[in-house]
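Full structure from sequences and hints, please.
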Amino acid sequence: MLDLAYIREHPEEIKQAAAKKRLDVDVDRLLALDVERRTLIKEVEALRAKKNAASDRIAKLVGEEKARAIAEMREASAREKELAATLKEVEAELERLLLLVPSPPAPDVPEGDESANVVIRTWGTPREFDFPLRDHVELAELLDLIDIPRGVKVAGTRFYYLKNEGALLHWAVCRFALDHLVRKGFTPIYVPVLVKREAMVGTGYFPGGEEQAYKIPEDDLFLVGTAEVSLCAYHADEILAEDELPRHYVGYSSCFRREAGTYGKDTRGIYRIHQFDKVEQVVICRNDVEESIREQDFIQENAEEIVRALGLPHRVVVVATAEMGQGQVKKYDIETWMPGRGGYGETHSCSRFYDFQARRLNLRYRTKEGEIKFCHTLNNTAIASPRILIAILENYQQADGSVVVPEVLRPYLGGMEVIRPKR
RNA sequence: GGAGAGAUGGCUGAGCGGUCGAAAGCGCCCGCCUCGAAAGCGGGUAGGCGCAUGACGCGCCUCUCGGGUUCGAAUCCCGAUCUCUCCGCCA
Numbered sequence: 044m045l046d047l048a049y050i051r052e053h054p055e056e057i058k059q060a061a062a063k064k065r066l067d068v069d070v071d072r073l074l075a076l077d078v079e080r081r082t083l084i085k086e087v088e089a090l091r092a093k094k095n096a097a098s099d100r101i102a103k104l105v106g107e108e109k110a111r112a113i114a115e116m117r118e119a120s121a122r123e124k125e126l127a128a129t130l131k132e133v134e135a136e137l138e139r140l141l142l143l144v145p146s147p148p149a150p151d152v153p154e155g156d157e158s159a160n161v162v163i164r165t166w167g168t169p170r171e172f173d174f175p176l177r178d179h180v181e182l183a184e185l186l187d188l189i190d191i192p193r194g195v196k197v198a199g200t201r202f203y204y205l206k207n208e209g210a211l212l213h214w215a216v217c218r219f220a221l222d223h224l225v226r227k228g229f230t231p232i233y234v235p236v237l238v239k240r241e242a243m244v245g246t247g248y249f250p251g252g253e254e255q256a257y258k259i260p261e262d263d264l265f266l267v268g269t270a271e272v273s274l275c276a277y278h279a280d281e282i283l284a285e286d287e288l289p290r291h292y293v294g295y296s297s298c299f300r301r302e303a304g305t306y307g308k309d310t311r312g313i314y315r316i317h318q319f320d321k322v323e324q325v326v327i328c329r330n331d332v333e334e335s336i337r338e339q340d341f342i343q344e345n346a347e348e349i350v351r352a353l354g355l356p357h358r359v360v361v362v363a364t365a366e367m368g369q370g371q372v373k374k375y376d377i378e379t380w381m382p383g384r385g386g387y388g389e390t391h392s393c394s395r396f397y398d399f400q401a402r403r404l405n406l407r408y409r410t411k412e413g414e415i416k417f418c419h420t421l422n423n424t425a426i427a428s429p430r431i432l433i434a435i436l437e438n439y440q441q442a443d444g445s446v447v448v449p450e451v452l453r454p455y456l457g458g459m460e461v462i463r464p465k466r
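In short: position in the first sequence from 1, add 43, done, that's this note's numbering.
Bear in mind the hints are in silico, worked out from the structure with no lab data behind them. Fair warning: there could be bad hints in the mix.
[Unchecked claim] Here are the simulated lysine-lysine pairs, DSBU-like style, with alpha carbons at most 35 Å apart: (1) K58 x K85; (2) K416 x K85; (3) K258 x K308.
Pasting the structure below:
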């Protein structure tokens, strides 16, 4: 959500932002409602002021005089009630529109769709294989690490079981990423994966993303698609102290995504699935553009450290405007090399929001001078598994189908160096 | 899941339908005192919205939330939510 006063003063910028992000927002309608709202507020408040004054008088009056004053106020009160009801309607529609207004992308974000993404860094060189390459599905089958057919039998399409070293590897990468960030001073948090609508709206997933979220109607709860939701909402409706910022949180959660509208896309293997685990970085910092940029660079570097430590070739892209979320100001993706795809696949996503989420969440802080401001929020993946296992299995495979365990993960697998076929 | 109790400012806790945005205490901040500190004394200490913005400011709303009664509600009525206690169940 943006500051209404800012929208009022920069309508063209907002319209352009919507165009760049390929979003449809009726800015003119919003501005008209804004005017209407303030007009109504003035009228209602004038009536209330009059009423309040009369009310004080009535308390002291007696007899005839009192009866007459009461009769007058009855009318004023009725009129006020009418206006207040209209005001409420106007505010409801204004709020509805306000929730759709996008953040303008940063000036250095390329304009356009996915094809306009800009690769800013590449690390590592994809291996040349001197034997027939297996993709992760074949490797997992050979090594008995993933059971997709039974996942489908029990839970449906895009579900799976991880087993044996597959399961261990899954927990190993998560724990490795977690440990890495805790070492860097992040506060580890295990979070709710079912949240109220407010948390989904507060982080900007609703309205608009309802069809991507699993819903529990009986309790009016939603399964989160990322721990970002639970972590950002953690301090909702709070006023933090400036000297306790920035806050660095690393959350761990299962993530659930309906993947509606992706029928036939990425159907092989465990690339696109309904349930996975993710270690997520969330930063809450001061309302300062420079600080936000620094923090984004920081959490981006953290993610790259993790992928580098795993020895996986990857590249970093700046995501173009049309591929950005409504609230995002700038987004980096890490795409990791997946030999089976013969290309890079998205494994990490790092977003800067300024105060877009904080406004929706009513997440604020008090400056040393006593001023109250909205915080800035940022988030980035640390590791998402099992998708990252695709890269690990495929990049580390050997001619006989065995897979070398990346060195940094070995301590989490009891020192295991190679995962070998079960005869 | 069943039964009961309760939700007031950062916290504790008063509050007759008008004089209550709200007593008192604690905490915190600023002064005085002191070599310094404690104690003591004095003062200050919620958020949102609208108008005005050179500054001081003025008005409206908020006593969990939503609705109702009333000229007027923290106080009365209804509903929701949450918390606590007891029972049952349970990883």
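Status of the hints after comparison with the structure:
Restraint check for K58 and K85: satisfied, since their Cα atoms lie roughly 28 Å apart, inside the 35 Å limit. Between K416 and K85 the CA atoms are separated by roughly 26 Å; this keeps the pair inside 35 Å, and the hint holds. Distance check on the hinted pair: K258 and K308 sit about 23 Å apart at the alpha-carbon level, within 35 Å; holds.
Comparing the model with each numbered hint stated earlier shows that all of them hold.
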